[in-house]
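J.: These protein sequence lines map, in sequence, to chains B and P.
Okay, so the first sequence: first residue is 338 according to our numbering, each after it adds one.
Okay, so the second sequence: first residue is 13 according to our numbering, each after it adds one.
Worth flagging that the hints you see were computed from the coordinates, not collected in a lab.
Mixed in with the good hints there might be a few duds.
[Stated by the list, open to error] Taking lysine to aspartate or glutamate and the DMTMM-like style, the derived pairs with C-alpha atoms no more than 25 Å apart in a straight line are:
id: 1; chain 1: P; residue 1: K279; chain 2: B; residue 2: D490
id: 2; chain 1: B; residue 1: K388; chain 2: P; residue 2: E57
id: 3; chain 1: B; residue 1: K557; chain 2: P; residue 2: E210
id: 4; chain 1: B; residue 1: K524; chain 2: P; residue 2: D255
id: 5; chain 1: B; residue 1: K549; chain 2: P; residue 2: E275
id: 6; chain 1: P; residue 1: K81; chain 2: B; residue 2: D560
id: 7; chain 1: B; residue 1: K388; chain 2: B; residue 2: D490
id: 8; chain 1: B; residue 1: K394; chain 2: P; residue 2: E241
id: 9; chain 1: P; residue 1: K276; chain 2: B; residue 2: E374
The structure displayed is predicted, hence computed values, not measured ones.
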Amino acid sequence: MGTLGRAVYTLGNWIRVTGQAMDRLGFQLQGSYYIQEQISRHRTLMNIFQKSPVVDKDAFIAPSASVIGDVQVGRGSSIWYGSVLRGDVNSISVGSGTNIQDNSLVHVAKSNLSGKVLPTIIGDNVTIGHSAVIHGCTIEDEAFVGMGATLLDGVVVEKHAMVAAGSLVRQNTRVPVGEVWAGNPAKFLRKLTDEEIAFISQSATNYINLAKVHAAENAKSLDEIELEKMLRKKFADVTRSMIR
Amino acid sequence: MAALARISRRLLPRTLSTTLPGRAFTAEAAQSAQNTTKPDPIIRESADRVKWDYRGQRRLIPLGQWAPKIAVDAYVAPNVVLAGQVVVYDGASVWNGAVLRGDLNKISVGFCSNVQERCVIHAAWSSPTAFKKNTTRALLVKYIAFLTGLPAETSIERYVTIGACSLLRSCTIEPECIIGQNSILMEGSLVETHAILEAGSVVPPGRRIPSGELWAGNPAKFVRTLTHEETLEIPKLAVAINDLSQSYFSEFLPYSTVYLEVEKMKKSLGISI
Numbered sequence: 338m339g340t341l342g343r344a345v346y347t348l349g350n351w352i353r354v355t356g357q358a359m360d361r362l363g364f365q366l367q368g369s370y371y372i373q374e375q376i377s378r379h380r381t382l383m384n385i386f387q388k389s390p391v392v393d394k395d396a397f398i399a400p401s402a403s404v405i406g407d408v409q410v411g412r413g414s415s416i417w418y419g420s421v422l423r424g425d426v427n428s429i430s431v432g433s434g435t436n437i438q439d440n441s442l443v444h445v446a447k448s449n450l451s452g453k454v455l456p457t458i459i460g461d462n463v464t465i466g467h468s469a470v471i472h473g474c475t476i477e478d479e480a481f482v483g484m485g486a487t488l489l490d491g492v493v494v495e496k497h498a499m500v501a502a503g504s505l506v507r508q509n510t511r512v513p514v515g516e517v518w519a520g521n522p523a524k525f526l527r528k529l530t531d532e533e534i535a536f537i538s539q540s541a542t543n544y545i546n547l548a549k550v551h552a553a554e555n556a557k558s559l560d561e562i563e564l565e566k567m568l569r570k571k572f573a574d575v576t577r578s579m580i581r
Numbered sequence: 013m014a015a016l017a018r019i020s021r022r023l024l025p026r027t028l029s030t031t032l033p034g035r036a037f038t039a040e041a042a043q044s045a046q047n048t049t050k051p052d053p054i055i056r057e058s059a060d061r062v063k064w065d066y067r068g069q070r071r072l073i074p075l076g077q078w079a080p081k082i083a084v085d086a087y088v089a090p091n092v093v094l095a096g097q098v099v100v101y102d103g104a105s106v107w108n109g110a111v112l113r114g115d116l117n118k119i120s121v122g123f124c125s126n127v128q129e130r131c132v133i134h135a136a137w138s139s140p141t142a143f144k145k146n147t148t149r150a151l152l153v154k155y156i157a158f159l160t161g162l163p164a165e166t167s168i169e170r171y172v173t174i175g176a177c178s179l180l181r182s183c184t185i186e187p188e189c190i191i192g193q194n195s196i197l198m199e200g201s202l203v204e205t206h207a208i209l210e211a212g213s214v215v216p217p218g219r220r221i222p223s224g225e226l227w228a229g230n231p232a233k234f235v236r237t238l239t240h241e242e243t244l245e246i247p248k249l250a251v252a253i254n255d256l257s258q259s260y261f262s263e264f265l266p267y268s269t270v271y272l273e274v275e276k277m278k279k280s281l282g283i284s285i
């Protein structure tokens, strides 16, 4: 760096220091309202005790999700924004191609009223809708848990079964193959048609593809993000001038 | 059948390991025993998976050419995730923990509306990635769109209050409504002007909630019509929440001071700034 470059750099430094000093002055004036910001300690994959999550390299775990403890996530699976998979007191295993959508909670039960210890086992190609609560259940392959559903301890959702949106499935209920259960408490509603069963597997496949898009986007570094922002702005300017 | 066998094989070793005390070698032995009996897709971990990204979760996630847009005076909490085609119009607010995923279709939050804590708003159909056009899903959504005449995008018009922990999927909410907390609105539902949905209501796919009525329950059923005074209160609630959001808005300056921490960290780790 030449002398001019160094001079400009030093000037920039002075301005920054002045700015930081003014920032601190403002905080002093604000008195007790001063909040010292700290970097978020949120960790996507977090160990607890001696258990650590084992996540396949093809799985998409959103940065705001929390995968804690003894959790295994298979290939092609996706854990979406805001979901919490707490394998602290027992284990959770998520198969391949499964998607656990936004804001859901998967937890395990160490002890409940009936005294059983229940790991949570979620099979392959399962779709678990937004904000579902899965507590100590076994969900077999290609099942569909609707959004907002709450599945309590010991529930078994068999292959190709569907738990409708908003339902509350009480403890130790078994949802048999190919049936739709709905309501609070969940009761048998109707049987699934073959088309709907095909749709469930199709939706799981769609989510695998969608997860790849999100994974690529979330993994970008600051430089890439800034570059894309600039490109987008340029593109918008070009289209605006074209429209005019 | 095979799946059941697989699952029972997975279950048994696990219960074994859970009953053993937390002594290092016995736990190891149980672990190795468990591993040998598991025949199935071995999970291949990647060495460079980031376990902790100090940047946290980005609020705005552009996908392809769609970037979420937030109006200048809209309050969007730092916890929120806006992905894909999401537009948050003036005076609107999106509160903590909400997830608005416009990856398959468009989501718009209208003027002075608010999406409260931990809501999930999604829109179905038209995935840009491999999607076969003649699947049942496409047919279902097209059928709903044909029936209801509604597009598969989620549009929330002006002065709408969406209560906490609601789940909205491909629905249209006309101006001046209140959606209660923890409610679930499924694909193709339409909530007409001045309607109120009680907390915990589940609206089945394609259901229309007529204008000026109060609906509740799972599935949502008619309760009563609203009086004119109650109808007048609806936009007042939205405006009140808008006022509240302005004080939150002023708490979050455009630039935070976290960069100071980052610089300190970089200095202490010897990374050049």
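J.: Hints first: check each against the structure and report whether it holds.
T.: Hints, one by one, checked against the model:
Proximity of K279 (chain P) to D490 (chain B) is assessed by CA-CA distance (about 49 Å); at most 25 Å being required, the pair is judged violated. Taking the CA atoms of K388 (chain B) and E57 (chain P), the gap is about 15 Å. The hint holds against a cut of 25 Å. Proximity of K557 (chain B) to E210 (chain P) is assessed by CA-CA distance (about 41 Å); at most 25 Å being required, the pair is judged violated. Between K524 (chain B) and D255 (chain P) the CA atoms are separated by roughly 44 Å; this puts the pair beyond 25 Å, and the hint is violated.
About 32 Å separates the Cα atoms of K549 (chain B) and E275 (chain P), which puts this hinted pair outside 25 Å; it is violated. A distance of roughly 21 Å separates the Cα atoms of K81 (chain P) and D560 (chain B); the hinted pair therefore holds under the 25 Å criterion. A distance of roughly 22 Å separates the Cα atoms of K388 (chain B) and D490 (chain B); the hinted pair therefore holds under the 25 Å criterion. With a C-alpha separation of about 57 Å, the suggested pair K394 (chain B) and E241 (chain P) falls outside the 25 Å cut-off, and the hint is violated.
With a CA separation close to 13 Å, the supplied pair K276 (chain P) and E374 (chain B) stays within the 25 Å bound.
Of the numbered hints listed earlier, those contradicted by the structure are 1, 3, 4, 5, 8.
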